[in-house]
Amino acid sequence: MDDMEYWKDVGLGKGAWQCDASGGREILPQDEATVFEELPSAHSPRFALLPSVPTVAARTDDRHVAVFFDGCRYRCEFDVDGGTVGELARALCAGGLGSGADMTTGARQKLDGPESLVLFYCGKRLDDDDNKVSSYGVPRGCKILLGIDRALVERAEAGLGPGEDDDFWA
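For the sequence shown, our numbering gives the first residue as 17, with consecutive numbering after it.
It is possible that some hints are incorrect.
Claimed, not checked - Lysine-lysine pairs mimicking DSSO-like chemistry, simulated, CA-CA at most 30 angstroms apart: (1) K126 to K159; (2) K30 to K140; (3) K140 to K126; (4) K159 to K140; (5) K30 to K126; (6) K148 to K159; (7) K30 to K159; (8) K148 to K126.
Said to hold, decoys possible - Label-pair ranges, simulated between beta-carbon atoms: (9) P61 to L176: 16 to 26 angstroms; (10) D78 to L162: 39 to 49 angstroms; (11) P45 to V69: 13 to 23 angstroms.
Worth flagging that the hints you see were computed from the coordinates, not collected in a lab.
Glycine is no exception: its CB is placed at the ideal position from the N, C-alpha and C atoms.
Can you build the whole structure from these sequences, using the hints too?
Right, dumping it as structure tokens:
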């Protein structure tokens, strides 16, 4: 088995959703690495200490942003320079984030609406819905935003853990 064959399943996704005005659609696990430009290549640079581990080339898609929420990546076309935090939350929720959709990898969490979604970048809360997303340092094409249910954030801010009915206790 050659090096590329050994690493072929590294990019198998765990769950992703393409958000759009029609309510969105699932990105199948086997397609996730292609959609998110995460396919390792024999032609990409190698790590000096791990020369047999293929790496991923730099992404070229700067039209889409992605938010990790409830074990799933949600992707939508969004201009971080022109759009606000509130507009991004509304676009994600209109596109399927927080809808509780059934996916190949399981059903997802429901939210009451975009006002229940708190976004983070580099550990910093994007806390003003009227601010441009880029004002928080979020680059175009960012794929590493984090989304958390506002109720959970508020419990954490109050010094409390997950609620009694949270899956954490299962």
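For each hint, the structure was consulted:
1. A threshold of 30 angstroms between alpha carbons decides the hint, and for K126 with K159 the separation of about 22 angstroms falls inside it, so the pair holds.
2. For the hint pairing K30 with K140, the CA-to-CA distance comes to about 25 angstroms; that is within 30 angstroms, so the pair holds.
3. For the hint linking K140 to K126, the alpha-carbon distance of about 23 angstroms falls within 30 angstroms, and the restraint holds.
4. Restraint check for K159 and K140: the C-alpha separation of about 15 angstroms stays at or below 30 angstroms, so the hint holds.
5. Among the hinted pairs, K30 with K126 is consistent with the structure: their alpha-carbon atoms are about 18 angstroms apart, no more than 30 angstroms.
6. Of the supplied pair hints, the one linking K148 and K159 holds, its CA atoms being roughly 17 angstroms apart against a limit of 30 angstroms.
7. At most 30 angstroms may separate the alpha-carbon atoms for a hinted pair to count; K30 and K159 meet this at roughly 15 angstroms.
8. Simply put, K148 and K126 have alpha-carbon atoms about 26 angstroms apart, close enough for the 30 angstroms limit, and the pair holds.
9. Restraint check, P61 to L176: a C-beta distance of roughly 45 angstroms breaks the suggested window 16 to 26 angstroms.
10. The hint said 39 to 49 angstroms for the Cβ distance between D78 and L162, and at roughly 19 angstroms that hint is violated.
11. Range check, P45 to V69: Cβ separation about 21 angstroms, and the 13 to 23 angstroms hint holds.
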